[in-house]
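Enquirer: What follows is each chain in one-letter form.
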Amino acid sequence: MGKTLIQKIIEKNSGKRDVKTGEIVFVKPSIVLSHDNSADISKTFEKMGPKKVFDPSKIFIALDHEVPPPDSKKALNHSIIREFVKKYGIVNFFDCGEGICHQVLPEKGLVEPSTVVFGSDSHTTTHGAFGAAGIPVGRTETASLWALGETWLKVPESFKIIINGEAPKNVFPKDVILYIIGKIGADGATYISVEFTGDYVNRMSIGGRMTFCNLSAEMGAKNAIIPVDDVTRSFLRGRFNKEYEPLYADKDAEYAKVIEIDVSKLTPQVSKPHKVDNVSPASEARGTKIDLFFLGTCTNGRTEDLEIAAKILKGKKIKAGTRLLVYPASKEVLLECLDKGIIKTLVEAGGEINTPACGPCLGAYGGVLAPNEKALSTANRNFKGRMGCSENTEVYLASPATVAFSALHGEITEYQGD
Amino acid sequence: MEKIKGKIHIVKENDVNTDLIYAGKYTYEILTPEEMGKKTLEDFEKDYYKKLNVNDFIVSGTNFGCGSSREQAVTCFKGLKSGGIIAKSFSRLYFRNAVNKALLVIEQREFVDYIFSKENGENLDIEVDAENGVILCDGKSFKFAPLSGQAKEIFDAGGLAEYTKRKLAAM
Ligand code: SF4
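These protein sequence lines are chains A and B, in that order. Following this note's numbering, the numbering of the first sequence begins with 1 at its first residue and continues without gaps. Following this note's numbering, the numbering of the second sequence begins with 1 at its first residue and continues without gaps.
It should be emphasised that the hints constitute simulated quantities derived from the structure, not laboratory data. A portion of the hints provided could be inaccurate.
Stated by the list, open to error - Far from chain B by the CB rule (all over 12 Å, computed), these chain A residues:
1) K43
2) K108
3) D229
4) K319
5) G321
6) I343
7) V347
8) R386
To be verified - Taking lysine-lysine and the DSBU-like style, the derived pairs with C-alpha atoms no more than 35 Å apart in a straight line are:
9) B:K143 - B:K118
10) B:K25 - A:K58
11) A:K374 - A:K183
12) B:K167 - A:K16
13) B:K25 - A:K311
14) B:K78 - A:K87
15) B:K140 - A:K154
16) B:K38 - A:K20
17) B:K140 - A:K47
18) B:K118 - B:K165
19) A:K20 - A:K87
20) A:K86 - B:K88
21) A:K51 - B:K88
22) A:K58 - A:K108
23) A:K289 - A:K317
24) B:K5 - A:K86
25) A:K73 - A:K374
26) B:K118 - A:K47
27) B:K140 - A:K374
28) B:K165 - A:K154
29) A:K374 - A:K52
30) A:K87 - B:K118
31) B:K3 - A:K74
32) B:K143 - A:K43
33) A:K344 - B:K143
34) B:K167 - A:K183
35) B:K78 - B:K143
36) B:K165 - A:K183
37) B:K167 - A:K28
38) B:K167 - B:K118
39) B:K46 - B:K167
40) B:K3 - A:K169
For each residue, glycine too, the CB sits at the ideal point set by N, CA and C.
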């Protein structure tokens, strides 16, 4: 019996041969990611009594969740982190304004294919877009990883999701992955490592692949991977400058499920309140009045996302009485968008541009909802209260194109393509 | 380990997510577990924590704790000295965080179905033997698989912080 991709990655990073599904092994990460939660993690870490971190070059911290900090408590959080970074000589620290952790990590060439990235954030699955196993862990476990440089994993079963076909021009990777989550359900892939393949996936940009792996967390997946190909190589070139060994699943690997999807007839999708798997065609939500449109987050805050939005909004204005919040996912994205005139277009259309960061995605600052308001967002979660207020609020999720096009109408409107 | 005796409280839903258990707006405030306890399930029901006495259990549906990696959604129950959570299933990350924080989490579908089917299951007495995997409630007994291996070692140490501390001290 052949091996799945996750089995091979775990073997490579645990030094064990022939690991079996369900077996518990100790794994060494290539990098450990965290963000504003590093203040709390650092306290737990110091209580554990270590003299140093396992490797100061393998800890990555980006400040993104409350940037710029909205009050002194959160500012204090940041200053605790800066102290920690200095004290332990953390090499890969990215201060406010650099961007969202999941965007900055690959941009800075810190994701190595075929390795394990542990992250104290549930969307660490994103890094599967580069052929790595991005595995989310909690804060205590992150502290333990900082101290020991390893942790245990149960070798997961795998799903293979094969996506073929040419998508209609109004259908984007976000629509495809929302559709898949709707089919599989919020817990349909719990404990599972998901492998995405198929000709649609092969043609997808790095950004689309990140959207896919990012949202896989919303079907419960332990991680999601897209194997290394030319698209990955061209992104890594000039960023990740070391040799790396791409790994691939064996042809006869065993999967708990194989799911095939044809996207040629798919239409734009939305995820409706208050669960991400509550997915339907956007047309079914047509006419839902929206107060706040949100472009950004680690799911869809990249240049290609803002570019499609700008294309739709060019020379037009968003519906009077609504707001359009724009949070580029990183400084690199912001600079690219400035160069391309995207930011100008979005501002002229009525958009509010913010510092590259998470924004109101997690409901802690920067444009949260008021009672009785509805948002249409490019993010990955629409739980009750997620955007900072649970009093009769609703969050809908969609692609950047659907968000931009709907902003022109002030209500959910299916984007037809140009 | 001693048997845990308390009462049950029913959250009759599937996919009870971490935002619902512990709202995102508090995640970057540094609070003690006891303070966190007071936020427990606040968006599900105001002042929910007041119902939960020491050693009481939450009974809920599938995919409990889905959503973010936030450990406070586990720690808040520790702050209330809750007996633990019994659900049809847990999200992977929640289960792992619970082990790492030594919060007892039990997957037992049959038991949850039984409780959900009752007219008035709220506040029933419950006794849990975590070592041997037995739930006693309403005159019935339900078995579950107790923790084993690495997870049990971490749980028995009182959580991963203590476990790592011992490991570092032994290095
Ligand atoms: S953008 Fe949203 S989902 Fe992504 S890391 Fe930030 S808070 Fe989490």
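Enquirer: State the violated hints by number, sorted upward, taking the hints as numbered earlier in the document.
Expert: 1, 8, 16, 17, 18, 19, 20, 21, 24, 26, 27, 29, 30, 31, 32, 33, 34, 36, 38, 39 and 40
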